[in-house]
Amino acid sequence: MKQRNHAGWAFVITSIALFMAALDNLVVSTALPRIHADLGASVQQLEWIVNAYTLTFAVLLLTGAALGDRFGRRRMFIIGLAIFTTGSALAALAPTSETLILARAIQGVGGAIITPLTLTILSASVPPERRGLALGGWGAVGGLAVALGPLVGGAIVEGLSWHWIFWINVPIGLVAIPLAIWRLPETRGPRTALDLPGLGLASAGLLGIVWGLIHGNGDGWTSPSIVAPLVGGALCLVAFVAWESRTRTPMVPLRFFRSRAFSAVNGVSLLMSFGVFGVVFLLAQFFQVVQGYSPFQAGLRTLPWTAMPLIVAPIAGVLVDRIGGRPLLTTGMALMALGLGWIAAVTSATVAYPVIVPGLVLSGIGMGLFFAPTAAVVLGAVHRDEEGKASGVNNTIREIGGVFGVAVLASVFTAKGGYGSPETFVAGLVPALWVGAAVVAAGAVVALMLPGRRASVPSISIPYPERGSGGLVLDPVEVRIDR
Numbered sequence: 002m003k004q005r006n007h008a009g010w011a012f013v014i015t016s017i018a019l020f021m022a023a024l025d026n027l028v029v030s031t032a033l034p035r036i037h038a039d040l041g042a043s044v045q046q047l048e049w050i051v052n053a054y055t056l057t058f059a060v061l062l063l064t065g066a067a068l069g070d071r072f073g074r075r076r077m078f079i080i081g082l083a084i085f086t087t088g089s090a091l092a093a094l095a096p097t098s099e100t101l102i103l104a105r106a107i108q109g110v111g112g113a114i115i116t117p118l119t120l121t122i123l124s125a126s127v128p129p130e131r132r133g134l135a136l137g138g139w140g141a142v143g144g145l146a147v148a149l150g151p152l153v154g155g156a157i158v159e160g161l162s163w164h165w166i167f168w169i170n171v172p173i174g175l176v177a178i179p180l181a182i183w184r185l186p187e188t189r190g191p192r193t194a195l196d197l198p199g200l201g202l203a204s205a206g207l208l209g210i211v212w213g214l215i216h217g218n219g220d221g222w223t224s225p226s227i228v229a230p231l232v233g234g235a236l237c238l239v240a241f242v243a244w245e246s247r248t249r250t251p252m253v254p255l256r257f258f259r260s261r262a263f264s265a266v267n268g269v270s271l272l273m274s275f276g277v278f279g280v281v282f283l284l285a286q287f288f289q290v291v292q293g294y295s296p297f298q299a300g301l302r303t304l305p306w307t308a309m310p311l312i313v314a315p316i317a318g319v320l321v322d323r324i325g326g327r328p329l330l331t332t333g334m335a336l337m338a339l340g341l342g343w344i345a346a347v348t349s350a351t352v353a354y355p356v357i358v359p360g361l362v363l364s365g366i367g368m369g370l371f372f373a374p375t376a377a378v379v380l381g382a383v384h385r386d387e388e389g390k391a392s393g394v395n396n397t398i399r400e401i402g403g404v405f406g407v408a409v410l411a412s413v414f415t416a417k418g419g420y421g422s423p424e425t426f427v428a429g430l431v432p433a434l435w436v437g438a439a440v441v442a443a444g445a446v447v448a449l450m451l452p453g454r455r456a457s458v459p460s461i462s463i464p465y466p467e468r469g470s471g472g473l474v475l476d477p478v479e480v481r482i483d484r
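Heads up, the sequence shown stops at 484 in the numbering used here, and the numbers go up one at a time, no gaps.
Read the hints as simulated data drawn from the structure, not as lab findings.
Ideal Cβ placement from N, Cα and C applies to all residues, glycine included.
One should not assume that every hint holds.
Simulated restraints on C-beta separations [to be verified]:
| no. | residue 1 | residue 2 | range |
| --- | --- | --- | --- |
| 1 | 76 | 236 | 31 to 39 Å |
| 2 | 425 | 188 | 52 to 60 Å |
| 3 | 452 | 421 | 33 to 41 Å |
| 4 | 184 | 250 | 27 to 35 Å |
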C-alpha cells in the first residue's frame, strides 16, 4: 500500500513538471506572429526564441540526469523546477527579442534538469508489472501538453498578451516545488564524475551548426561567418565522439549504441522531432499569416493533430507490453509521414481548413503511437541503474532533432518564400512540409530495424560459485529473449 501511495504521488508530481516543460515546447508557436509584430523580431530571432529553449534543453539534459544521480534526484528535480519557474518569469517580463531569447535559454536549463528526472523518478516508484501502464500515462501527459500548447498559447495571446504564455508557468512551478519536497522520496544513481569536457564539446558543436543553419540564407552559405561555425561545430562533434569513447565517465556512454534497439529508437526519435517541430513552427504561423485566423483560432485548428495523442498514447502504453515497440513505432512514423505529405499536397493560399484536417488527424495518431513505445524501448535496452542516463540520451537526441528541424525547415522556407504575402508564405511552406514528410518517412524505415518483442521468461536459478567460499549459491536471473 505504501509503495502504491508513493507511486501515485510520484505520477502526480512528475506529471505536473513534465506538463510544464513540454508545454513550453509548443506554447510559443501560436504567439510567434504577435511577438514578431510587438518586438520587431526577424525570422532568425523567431527561430532563436524557439531554439534557445530547445538547444539549451538538449545540450544540458544529460548533465541534468547525471546531477540527479550524483546529488539526489529529488533535490535536483526541485532545483530544476526553481530555475524553470524563474526563467518563465524573466521571459514574461522581456522587453526585447534579445532578452526573451536569454530567458528562454534559462528555461531550457531548468527543463533539462526536470524532464529526464520525471521518467527516472516515476520508473523507480512503479513496480515492474505496472510500468507499461505508468509509461502510457506519462506519454498521455506529454501528449496533453503538446495538445494544449498551441491552444493555450493562442487563447492567452488573444485574451491577454504573449507575455502571459510564460506567466502561466509560475503558479504551476510554485505548486510543484512544495509537493516535491513533501511527497517525493530521495533516490540516487551511480555517483560518477561529471563529464565537463564532453558537455563543452557538445555545446560548442551544436551551437555552431545551429547558428550556421539559421543564418545561412541571410549571410550566404559560402560566407566565412557561416562556413566557420558549420565546420567548427562539426569538428567539435567529432571531437566529442572521440572524447566520449576514451573517457572513463562519458556523458553519453557509446556502449549503449551497441544495442540495436537503443540505436534504432534514438534514430526514430531524432527524425520524428526533426519533422514535427519544424512543421509546427511554420504551420501555426500559416493559420494566422495566410488564413487570417486569430491566435486562439489558429491553436484550435491544430487540435486534430495535437489532441490525438491523448487518446492514442495510453492505448500504445498498454499495447507495447504485448506486441513490443517495433510495430507501434513503424506504424506511427508512417502515419505521420502520410499526414505531413497530405498537408503538403493540399496546402495553398486559399485552401479550405477541412481539406487539411485528414492530414492533421493522421499526424496526431502517429504521434500518439510514438511516446510510450519509445520510453519502453529505451528503458528496456539498458540496466535499471542506467535508466536515468539512457532516458537523458534519448531526450537529448529528440530535442536536437527539434532544433535541427526548426533550423532546416525554416531555412527551406526563407529560401523559397517569406512573409511578404500569403502566396510567398505558401511558396516557402510547401517545400518545407515535403522535407518534413520525407524525414519522418525515413524514421519509419529506421523503426523497422528495431528488434522484435522482448519477452520476460520466468526467473530461473543458475548456480555459480560464491566468492570466498567453496560452495554454490542460487541466484534468480531474469532471461530476456529477442523474438
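To see whether the hints hold, each was checked on the structure:
In this structure, residue 76 and residue 236 meet the distance hint of 31 to 39 Å, their C-beta atoms being roughly 37 Å apart. Checked against the hint of 52 to 60 Å, the C-beta distance between residue 425 and residue 188 comes to roughly 54 Å, which is consistent with it. Evaluation of the 33 to 41 Å hint for residue 452 and residue 421 yields a failure: the beta carbon distance comes to about 50 Å. Checked against the hint of 27 to 35 Å, the C-beta distance between residue 184 and residue 250 comes to roughly 32 Å, which is consistent with it.
When held up to the earlier numbered hints, the structure conflicts with hint 3 and nothing else.
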